[in-house]
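Enquirer: Residue numbers (this note's numbering), protein chains in the order written: chain E, 213 to 717; chain F, 213 to 717.
Be aware that one or more of the hints could be misleading.
Chain copies aren't distinguished; within one or between two, either way the pair holds.
To be verified - With a cut-off of at most 27 Å between alpha-carbon atoms, the simulated DSS-like pairs for lysine-lysine come out as follows:
#1 Lys303 / Lys497
#2 Lys612 / Lys706
#3 Lys594 / Lys706
#4 Lys250 / Lys293
#5 Lys620 / Lys706
#6 Lys706 / Lys617
#7 Lys715 / Lys594
#8 Lys497 / Lys480
#9 Lys594 / Lys672
#10 Lys539 / Lys706
#11 Lys499 / Lys293
#12 Lys694 / Lys594
#13 Lys250 / Lys303
#14 Lys594 / Lys651
#15 Lys309 / Lys496
#16 Lys250 / Lys651
Read the hints as simulated data drawn from the structure, not as lab findings.
Next come the chains, spelled out residue by residue.
Protein chains: 2
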Amino acid sequence: MKIKTILFTAILFCNPIFGQVGIEKWKIFEIKLNGPSKGNPFVEVQLNGTFIAGNDTITVPGFYDGNGIYKIRFMPQKEGKWLYTTTSNVKNLTNIKGYFTCTAALKGNHGPVGVKETYYFAYADGTPHTSFGTTCYGWVHQGDSMANLTLQTLSEGYFNKMRMCIFPKSYDWNHNEPLLYPFEGTAPKNWDYSRLNPAFFRNIEKRIGQLDSLGIQADLIVFHPYDSWGFSSLDRKTEDLYINYIIARFAAYKNVWWSMANEYDFMKDKKLSDWDYYIEQFAKKDKFHHLIGIHNGSRIYDHTNPYITHASIQGEDTYRAKEYRMKYKKPVVFDECRYEGNIPWSWGNLTPQSMIEKFWRGFLNGGYVGHGETYVTENPIKLPEVSSDILWWSKGGTLKGESPKRIKFLRQIIESAPAYSKPLNLFTWMPFPSFGIDKEYYLGYLNDAQPRSVVIDLPKDSQYSVEIIDTWNMTITPVSQKFSGHCIIELPGKPYIAIRIIKQK
Amino acid sequence: MKIKTILFTAILFCNPIFGQVGIEKWKIFEIKLNGPSKGNPFVEVQLNGTFIAGNDTITVPGFYDGNGIYKIRFMPQKEGKWLYTTTSNVKNLTNIKGYFTCTAALKGNHGPVGVKETYYFAYADGTPHTSFGTTCYGWVHQGDSMANLTLQTLSEGYFNKMRMCIFPKSYDWNHNEPLLYPFEGTAPKNWDYSRLNPAFFRNIEKRIGQLDSLGIQADLIVFHPYDSWGFSSLDRKTEDLYINYIIARFAAYKNVWWSMANEYDFMKDKKLSDWDYYIEQFAKKDKFHHLIGIHNGSRIYDHTNPYITHASIQGEDTYRAKEYRMKYKKPVVFDECRYEGNIPWSWGNLTPQSMIEKFWRGFLNGGYVGHGETYVTENPIKLPEVSSDILWWSKGGTLKGESPKRIKFLRQIIESAPAYSKPLNLFTWMPFPSFGIDKEYYLGYLNDAQPRSVVIDLPKDSQYSVEIIDTWNMTITPVSQKFSGHCIIELPGKPYIAIRIIKQK
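Based on the provided sequences and hints, a complete structural model is requested.
Expert: Right under this line is the structure:
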């Protein structure tokens, strides 16, 4: 009977089923098992899956998905046959064996993003990833119709990363209750912290998957301070339950990034050692080794912590990317440099011109920059605490700003530049950034200055083509003359101009 | 015969003559004497004048003005009868006595500018002075026609301070030779450093006087690094000769400020102790106690030096005025925050929008900000080292920019604000500056942000009028509603907006 039960379980619940061929590399192989629904499965049932291919042995945790259903998710990172075995303290769930075959990744599937060449990101297949993020903290908590609108907007291809909170958000312009809650119980604060709500997490992973299908990284914010339910001040036991659960559920999604916090230093109940603890949990328990970051309020975290993979920074001086590269020896992502918008709070009333300037300065100083948008439209205007305006930064929906299409323009330029271009000093002692490959390719940016010319010293032994890029009007104009040595290049004499200089073969 | 000679000298050369009544307070009383022209009068003749009125005894140096003419200049700062006596190592010049009567200052004559209330400037008669400077480093060295054009431009009333070099300047867009040289000899470097050229200094004081008649302070730069003649690396003996000479000649001009240097730290031949020495010389030898500052290149001077009267700062972050006030406990003057213009060098290609923003942010953070302009117009464009374009910043002439009239607009607003308004926190935790008198008067500025509203907390027990100021379009629009307590004020949702809030009586 035992064999039969196992076979039955595997056939019925494994999806893809027992021995199925053709799990694409970096996609999810999921084992679905039937187990106990009585007691408290979240804390009483231990379940793991061990996956073996050649010399690789990887054990990942399973999780309880409600209604007596248990799942183990695995992201194969190597082609070929993978054997697996489950272990559990529940008889029905243990020692279940099977295998699947991991097939080659199809076009468009580059695998998860990791760090490459110290300061850069690349997908697992080696394709460079230049991070162009945006932010909709609470988009997964607003229901299908708003989420679908958000996804439709994202399909325009402005961005390839989404910063989003796992826990619901309570803040100006977002005082409505969320679609679902992460724990069993009733709002505002009557929760059974020993029982998670699978529907809540199922909704989130659905959105993660939808982002993945759009080629967008899901930068999942584990903790944040914008709270009216108590989720910002859990006890350690509950935190562990939650952390283990999201690792078990979400880590097999190839587009997941872990962000420990938004504005970690604004969470007054947590100490620095708490953050170090969380970081270590993810570093050790996520067997797929997704990127790990932590975002600051007013005090930048010590990103030299070796478990932190990249410096996630809130700061409006994106030109400091170069300095942070040197300091942390990691990729530098300005996840928040203020938002394009018109709200009274200073972090949300950038002009689109300023936003675009911050993007260019950040990228050409060797960093990555993220977007957010905060436009109110109500008439007459209302105080933030009572307004029901829908702001992209919080709920998603549609974009109203002028920066996204110009970010896309920049993205095309950056993605067509040589991979691993680095900050250069095309303008010698001046604060105008440039990056590229020395003597081969230069992309320079004149910030919001309005020079009618630049004076530069190109190598004397080569000829260079020059293009004038109007980053605001999104035009690229080649200069007919070729340049070499000490030269003056005429510019339009207005702000937001870039120049691209390429060696002639 | 001795008495007769003295009387003759005094009658003939004193201008105003011996015993003349009616020297207006803070204007120049000058004694003109005939003395030796042989040998080297610059180093061999000592001459002083001692002026006595009541308990005040002030001894000032005289100077040699060439052709056997010696002068002693004195600025009376107290009304009534002043007696004087000369002392000299030359018989003809010593023990000459006389008197004059100092009369009340006429309208428009407020006396020299000094420090008041720690962080502010005021004229000697108590009238507040809000410094709105500009910069034409070499304007006195370009000849009459250019100087007259500069004065005509200045008569438009944009500015009330001029930063100007005493020594001629050699730099990009200014490689022509000056009108005159400060020492006897021939260019480029064949100078008799023991003999000054009175005509050179006469030309400068003529310009100082012309500025004074326009109500403009002459911020005289004693040393600077833009040199092709050797004047940036004089020996100490020559420096002393020069310093003593300019104090003797210029200090009686009520509108003189002493600026030890432009970009002191770019003068590689000078040590920090040299600068301390110069500062002390002016502090001790100028008996009229004009303001003393020192302007930096990349490293700000230690303005805590007690002889320094105000912090003269080059730096583009004018909002840091508030911080420097705290640090130095002195008035803070951003004498250089980059210039409006279109040259390739980053210090000279600000948009007028940025320049105006820097002015507003500087003033509302409790500082003063200075202007400069660097527009090239040549077609085709030429390298800076060979261009013959005339740039306001270097030679004066006419202004081409868009910022001066907006600086004048700001000046009118600042001068109509309560005297000694100080930085406030109208916008609480946000980086938008405000200044005024708490609960009475607020002037706030939203930088280049584009909020559609501000949320502020005014005192609940009063009503406040609000005006929306468009600092770029130079409009002031009253809001019909009155405000009180926690309130939201609607704004145009575009950058460069200020608000003025005044308590209703």
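Enquirer: Now, for every hint given, state plainly whether the structure supports it.
Expert: Now the hints, each set against the structure:
1. Taking the closest pair of Cα atoms, Lys303 and Lys497 come within 27 Å of each other only inside a single copy of the chain (24 Å); across copies the shortest separation is 98 Å, beyond that limit.
2. Proximity of Lys612 and Lys706 under a CA criterion of 27 Å is satisfied in both settings, with 25 Å inside one chain copy and 15 Å between copies.
3. Taking the shortest Cα distances, Lys594 and Lys706 sit within 27 Å of each other only across copies (18 Å), while inside one copy they are farther apart (37 Å).
4. For the homomeric pair Lys250 and Lys293, neither the shortest alpha-carbon distance inside one copy (36 Å) nor that between copies (108 Å) is at most 27 Å.
5. Taking identical chains as interchangeable, the C-alpha atoms of Lys620 and Lys706 lie at most 27 Å apart whether they share a chain (21 Å) or sit on different chains (24 Å).
6. Taking the closest pair of Cα atoms, Lys706 and Lys617 come within 27 Å of each other both inside a single copy (20 Å) and across two copies (20 Å).
7. For a Cα distance limit of 27 Å, the shortest separation of Lys715 from Lys594 across copies, 24 Å, qualifies, whereas the shortest one inside one copy, 55 Å, does not.
8. Taking the shortest alpha-carbon separations for Lys497 and Lys480, only the intra-copy value of 26 Å comes in at or below 27 Å, while the best inter-copy value is 58 Å.
9. When the C-alpha separation of Lys594 and Lys672 is checked against a cutoff of 27 Å, the pair qualifies only between copies, where the shortest distance is 19 Å, while the shortest distance within a copy is 61 Å.
10. For the identical chains of this complex, Lys539 and Lys706 are neighbours neither inside a copy (34 Å) nor across copies (37 Å), given an alpha-carbon limit of 27 Å.
11. Taking CA atoms no more than 27 Å apart as the test, Lys499 paired with Lys293 passes inside one copy only; the shortest distance there is 19 Å, against 94 Å between copies.
12. When the C-alpha separation of Lys694 and Lys594 is checked against a cutoff of 27 Å, the pair qualifies only between copies, where the shortest distance is 17 Å, while the shortest distance within a copy is 56 Å.
13. Taking identical chains as interchangeable, the C-alpha atoms of Lys250 and Lys303 lie at most 27 Å apart only when both belong to the same chain, with a minimum of 15 Å there against 118 Å between chains.
14. In this homomeric assembly, Lys594 and Lys651 come within 27 Å of each other (Cα to Cα) only across copies, at 24 Å, whereas the closest approach inside a single copy is 55 Å.
15. Taking the shortest alpha-carbon separations for Lys309 and Lys496, only the intra-copy value of 25 Å comes in at or below 27 Å, while the best inter-copy value is 94 Å.
16. In this assembly of identical chains, Lys250 and Lys651 lie within 27 Å of each other by CA distance neither inside one copy nor across copies; the values are 69 Å within and 65 Å between.
Checked against the numbered hints above, the structure violates hints 4, 10 and 16; every other hint is satisfied.
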